[in-house]
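Given these sequences and hints, build the entire structure.
Residue numbers (this note's numbering), protein chains in the order written: chain A, 122 to 380; chain B, 20 to 255; chain C, 1012 to 1282.
Because the hints were derived from the structure by calculation, they are not lab data. Hints are not guaranteed to be accurate.
Computed footprint of chain B on chain C; a stretch qualifies when at least three of its residues, placed anywhere within it, have a C-beta under 8 angstroms from a C-beta of chain B [stated by the list, open to error]:
{"#": "1", "stretch": "1122 to 1135"}
{"#": "2", "stretch": "1171 to 1179"}
Restraint ranges, calculated between C-beta atoms of paired labels, are given here [stated by the list, open to error]:
{"#": "3", "chain 1": "C", "residue 1": "1202", "chain 2": "A", "residue 2": "329", "range": "57 to 67 angstroms"}
{"#": "4", "chain 1": "C", "residue 1": "1183", "chain 2": "B", "residue 2": "155", "range": "27 to 37 angstroms"}
{"#": "5", "chain 1": "C", "residue 1": "1185", "chain 2": "B", "residue 2": "210", "range": "57 to 67 angstroms"}
{"#": "6", "chain 1": "C", "residue 1": "1265", "chain 2": "A", "residue 2": "186", "range": "12 to 22 angstroms"}
{"#": "7", "chain 1": "A", "residue 1": "343", "chain 2": "B", "residue 2": "102", "range": "43 to 53 angstroms"}
{"#": "8", "chain 1": "A", "residue 1": "328", "chain 2": "C", "residue 2": "1119", "range": "21 to 31 angstroms"}
{"#": "9", "chain 1": "A", "residue 1": "267", "chain 2": "C", "residue 2": "1035", "range": "55 to 65 angstroms"}
{"#": "10", "chain 1": "C", "residue 1": "1265", "chain 2": "A", "residue 2": "196", "range": "51 to 61 angstroms"}
The structure presented is a predicted model; accordingly, all values stated were derived computationally and were not measured. Using N, Cα and C, we set each Cβ at its ideal position, and we do this for glycine too.
What follows is the residue order along each chain.
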Amino acid sequence: MAQTWLISGPPGCGKTTWMLNTLKNHQGQRGYLRLPGISTTGLEQADDGAIDQTYLQDQITDLIDLSNTDQAPNDQEQQLNLIELTQFEPPSSSALEGVDSSVIQQLEALGLRLDRALHFGRDDDLPKDDTLEFSRLEAWSMPLERCVWDPNSLSSFWFELVNGAYGDVYRAKALMNLPDGRAFFCNWMVSQGGSQFLPLESVAPPDGRPKRCSMLSVQGKALDGGGIQATIADCLLSDEVLELHQEPQRQQAELTQAL
Amino acid sequence: MERWALISGLKGDLELYEQIQRDLQATRGVNTLFVLGDVISPERNCDALWDRLQNPKRGDLRPNCIYGWWEEQLLAETGFRGDRKADALRLNHGEEVVDALLRAVDPAHLRWLVSLQFGFVELDCGLIHGSSADIGDELTPETSPLILIDRLTRLDVNRLFTARSAQQFRLELTGGGIDSHVKALGGEHKQQQPVPKRSVIGIGAGAHYTIYDAGSDRVDFLKAGAKAVANGRGFG
Amino acid sequence: MSHAVISCLHANLAATEAVLADIDRQGIEHITCLGDLVGYGPQPNEVVELIRQRQIPTCQGCWDEDIIDGLNSCECSYPSQLAERRGHRAHQWTDAQLSEENKAFLASLPMTVRRERLLFVHGSPNSQHEYLLPDMDAFAALERVESSGANTLFCGHTHMPYVRELSGGSIRVKVKQAGEEAASERKLELPMRRIVNAGSVGEPRHGSTEATYVIHHEDSDEIEIREVAYDIERTCRAIVDGGLPEVFAWRLSHGFEYAERADDASHVCER
Ligand SMILES: [Zn+2]
Ligand SMILES: [Zn+2]
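Encoded structure:
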């Protein structure tokens, strides 16, 4: 029998990091699903599911995507399924009774039945983060598929973003492509006071633009989306400049192959 | 181990180049040849030497070339340096010499010339015609050591091989230091900086060339066709 | 007698006015300006006209040079594509704003100003684009002052004010020449020299948002670094109203330079 747990909490409380560690430490099969968040008036959800999904999938290559019912079994012996749910308010009652009925229905449609429900800020099994109180958050996101960043421009932009040049940013997370084929999971929360830049394991080949998921998702107040977009446009590499980076990489690869 | 021959100032003299190639074949262990510029000059037609450098004969040690002061003048005069013309040459030698230089090289060679680098950095050594400050920088044993430290620092190398002065010498920085005291809004900072143990080597020009053994850091100053080479000992 | 040195005004009128008022208040009559009157900031004409009207001896800065000659600074002086694009945008904006008369004034500025053994330059005696940073190799720094025949070299361009004294220096060398049996040795005693960086009036990046400049107290030969508060809000409003990138206002009000620059003092551009 599989174990299926619902992990809920507000954005930026550390769900993804905790789930990554838990799944990495689990011996048996591992499954993951991210549910669309439960909206509370005035608190917008960031549309950033693909970032977590891509990052976890990169870190745990045999991770089972539970949203895809015919991809893989979800009920193996020793299997651990984690369901991620962004939810601002703690559930009304503890444990399974507090789980929103719409969530139960969505899971049933995928053949999943919950064994546990844990909420960040309420359950002691989860790390205690100073989950911030917030009353009004805006969300802003930008798809960046096929975009490649000038590395130094990325660090300047990220510095400006998290230090308030484009509004009061509470949370920023992204998957960004670099010209050497690497991608970084960039993660910043006001409560942590620092940024994480974690490289993905998978490296894109040096021929043209990478095809993996890439996006930026920001939550905060008085966000200046136009300003963010204008700066990003100055940071992204043109086809010509990208080719300048990739040509020597291809030559290097040929050389290594020849040896 | 790396053993280099460094030559410069051939000034179109193919016979001299062939003599040096013969010397090098008779010298044990030399595996790399660097040509630090001034392959051309207005004194004679340089096309034959130019050809030979681009298309080495069997048995030639393959030359690694950078451009020198004369090449820089030609590139400037033929429009490869923006608005700048061969002003230094015109000023010092007059219009006839500019014309002679243009006649000395077939324009078809310019393409190769343009592709040459300003200098090489190999191991911890900088190889350059003049210096990192200027292609016409004449470094000699009499040059202020302060200037020499600056030129070494600009390239961040332990040994700087230069050709412009045409002299053969090795100047080693052996000791000394300086006190630096910086006062800024954030506070004060005192520091004693020792003289770095670095050296500048003049490789000579024309028939005078230099062999450098990277493993032992030994420098030998040679002259093309001189007997000392044949027995491989040099006289450095 | 005292003498004020200002640099890098960068079209920031409020900061320039505040610094000049601070100098006036102390009864200092002699002022020298190390250039970069324009660039990034919102009031290029106003700042140039103020310097002209006050007849302040000025040498040409990197921006003053680029605005007349077209973009001259090599790409390698920008550490990122973002910084380069912003630099170019600011250049085009400034170019469109500046009157012909003010451009002619910038074109007329000398590279250096010399007063006996004091030399005033924007970047270094070699180039308006070279940075003399406080932690630059001490011998290379001394070489800049010594080669220009000065005792004290006043420079700007880094936007971080400092005073650096180089003293007690010596260099020992051993020389071996072709054809000589023995090597010869000699020792060079180096003179005491000083580099003074005047900081920046209009685009401070020393960790605070206040304008900086220096005063040379000639009687005691001491240098004083001054910080002056000014109405940043006024400049930020002018940035936004003038149509410059809004992020410039944010950067200025947080004490960051408008566009980051490469900090390699020994970098030699071979274009
Ligand atoms: Zn400046
Ligand atoms: Zn400047």
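Evaluate the given range 55 to 65 angstroms for the C-beta pair formed by residue 267 of chain A and residue 1035 of chain C.
-> 58 angstroms, holds
Per the coverage rule (Cβ-Cβ under 8 angstroms, at least three residues), is the stretch 1122 to 1135 of chain C covered by chain B?
-> With 0 residues in contact (Cβ-Cβ under 8 angstroms with chain B), the coverage given for the stretch 1122 to 1135 of chain C is violated.
So does residue 1265 of chain C sit 51 to 61 angstroms from residue 196 of chain A, Cβ to Cβ?
-> 54 angstroms, holds
So the hint says 57 to 67 angstroms: do the beta-carbon atoms of residue 1202 of chain C and residue 329 of chain A match that?
-> For residue 329 of chain A against residue 1202 of chain C, whose Cβ atoms are near 59 angstroms apart, the range 57 to 67 angstroms holds.
Is 57 to 67 angstroms right for how far apart the beta carbons of residue 1185 of chain C and residue 210 of chain B are?
-> 26 angstroms, violated
Is the distance from the Cβ of residue 328 of chain A to the Cβ of residue 1119 of chain C consistent with 21 to 31 angstroms?
-> Violated, at about 53 angstroms.
Go check the stretch 1171 to 1179 of chain C versus chain B for me, would you? Three or more residues, Cβ under 8 angstroms, otherwise it fails.
-> holds (count 9)
Hint check for residue 186 of chain A and residue 1265 of chain C - Cβ pair distance inside 12 to 22 angstroms | 43 angstroms, violated
Using the beta carbons of residue 1183 of chain C and residue 155 of chain B, state whether their distance is inside 27 to 37 angstroms or not.
-> 28 angstroms, holds
Does the Cβ-Cβ separation between residue 343 of chain A and residue 102 of chain B fall within 43 to 53 angstroms?
-> 50 angstroms, holds
Of the numbered hints listed earlier, those contradicted by the structure are 1, 5, 6 and 8.
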